[in-house]
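So the protein lines, in turn, are chains W and B.
When you number the first sequence by numbering that gives the first Met the number 0, it's gap-free, plus one each residue, and the end is 137.
When you number the second sequence by numbering that gives the first Met the number 0, it's gap-free, plus one each residue, and the end is 137.
Quick caveat, the hints were computed from the structure, so don't treat them as lab data.
Don't take each hint at face value.
[What the hints assert, rightly or not] With beta-carbon atoms standing in for the labels, derived distance ranges:
#1 W/Val47 / B/Asp120: 30 to 36 Å
#2 B/Arg16 / W/Ala137: 41 to 47 Å
#3 B/Ala17 / W/Glu48: 23 to 29 Å
#4 W/Val47 / B/Glu48: 23 to 29 Å
[Stated by the list, open to error] The following residues of chain W were derived to be distant from chain B, with all beta-carbon distances above 12 Å:
#5 Ser1
#6 Ala3
#7 Pro9
#8 Ala32
#9 Leu52
#10 Ala68
#11 Glu101
#12 Gly108
#13 Pro109
#14 Ala118
#15 Ala125
#16 Ala130
For glycine and all other residues, C-beta sits at the position ideal for the given N, C-alpha and C.
There are 2 protein chains.
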Amino acid sequence: MSAAGFVLDPRLAADTRAVASLPLCDVQLMDDARWPWLLLVPRRAGLVEIADLPADEQAQLWQEVNRAAAALRTVAPCDKLNLGALGNIVRQLHVHVIARVEGDAAWPGPVWGHGVRMARDEEGAAALIAALRHALTA
Amino acid sequence: MSAAGFVLDPRLAADTRAVASLPLCDVQLMDDARWPWLLLVPRRAGLVEIADLPADEQAQLWQEVNRAAAALRTVAPCDKLNLGALGNIVRQLHVHVIARVEGDAAWPGPVWGHGVRMARDEEGAAALIAALRHALTA
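So here's chain W without its partners, still in its complex pose (with noise of 0.2 Å):
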């Protein structure tokens, strides 16, 4: 599969500000400030499902995943990360790895669909990607 023709999703772009391009996927940050949140989105036009792309595209996502989820330890530690790939609302594919701590606010359900989205403010959002970005390349 190619890049060719792929856009982010409008409402994956309303939601999360950008981190990083990694080889296959756009590293996102959720815009949500009670949960350290990134978003892979594989640059594939129409992935809707993991098990839909080539396995070498497969193994190169899974390898992007644990490299997000290591920055996002290194940045964020955390007592569990969540990983999940979901698509009900959204369906261009998306993997959601997210750190969580014990008591925070959903703990210890899941963070989809839970309460309401708290906007990150301009500073801490930057300074987050900043030290994202930086362990997403050490």
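Fit chain B to the known structure of chain W by using the hints.
Relative to the frame of chain W, chain B by itself:
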């Protein structure tokens, strides 16, 4: 890593029924009639995060997740697969693969933590497990 000392977490064992044993993972059916829902549990004692598996076993895990997802889709046609690895309550690594249809009990929200589990009747569970075993080995 080896399978030495691996025992299925008793909470996972209480909520699921055995379907199959793949090279790395036990495949369990969640005993919840609301959704066709599989768990894949790598037989590795003490394993919590996917990133803590060696690379070759991570690749094996995703191959088995794909295989389970394909079997689940064959037996229970769906609008969207949901994949997740949360572990906020049970830390033993387990990957959820769930067949979602529009309008199901939690749609479009996540299934985790939604309402109360509805145990399957014995006959329905046995038929579903037989169909899943067949699809997994096809």
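Evaluated hints:
Distance hint for valine 47 of chain W and aspartate 120 of chain B: a CB-CB separation of about 33 Å, consistent with the stated range 30 to 36 Å. Checked against the hint of 41 to 47 Å, the pair arginine 16 of chain B and alanine 137 of chain W passes, with Cβ atoms roughly 44 Å apart. Checked against the given bound of 23 to 29 Å, the beta carbons of alanine 17 of chain B and glutamate 48 of chain W, roughly 26 Å apart, stay inside it. At roughly 26 Å, the beta-carbon separation of valine 47 of chain W and glutamate 48 of chain B lies within the given 23 to 29 Å, and the hint holds.
The beta carbon of serine 1 of chain W is kept farther than 12 Å from every beta carbon of chain B, the shortest such distance being approximately 22 Å. Residue-level check passed: alanine 3 of chain W sits 25 Å from the nearest beta carbon of chain B, beyond 12 Å. Consistency note on proline 9 of chain W: stated as away from chain B, and its beta-carbon is indeed over 12 Å from all of that chain's, at 17 Å minimum. The Cβ of alanine 32 of chain W sits about 20 Å from the closest Cβ of chain B, beyond the 12 Å cut-off, so the non-interface label holds.
Its beta-carbon lying about 10 Å from the closest one in chain B, leucine 52 of chain W breaks the requirement of being farther than 12 Å from that chain. The beta carbon of alanine 68 of chain W sits about 6 Å from the closest Cβ of chain B, which is not more than 12 Å, so the claim that it is off the interface is violated. Listed as outside the interface, glutamate 101 of chain W is inconsistent with that label: its C-beta sits roughly 8 Å from the nearest C-beta of chain B, within the 12 Å cut-off. With a minimum CB-CB distance of about 4 Å to chain B, glycine 108 of chain W fails to clear the 12 Å threshold, and the non-interface call is violated.
Annotated as non-interface, proline 109 of chain W brings its C-beta within 12 Å of a C-beta of chain B; the closest such distance is 5 Å. Listed as outside the interface, alanine 118 of chain W is consistent with that label: its C-beta sits roughly 21 Å from the nearest C-beta of chain B, beyond the 12 Å cut-off. At the 12 Å boundary, the C-beta of alanine 125 of chain W stays outside the reach of chain B, the nearest C-beta of that chain being 27 Å off. For alanine 130 of chain W, the requirement that its beta carbon stay farther than 12 Å from each beta carbon of chain B is met, with the minimum near 19 Å.
Violation of the numbered hints given earlier is confined to hints 9, 10, 11, 12, 13; the remaining hints are satisfied by the structure.
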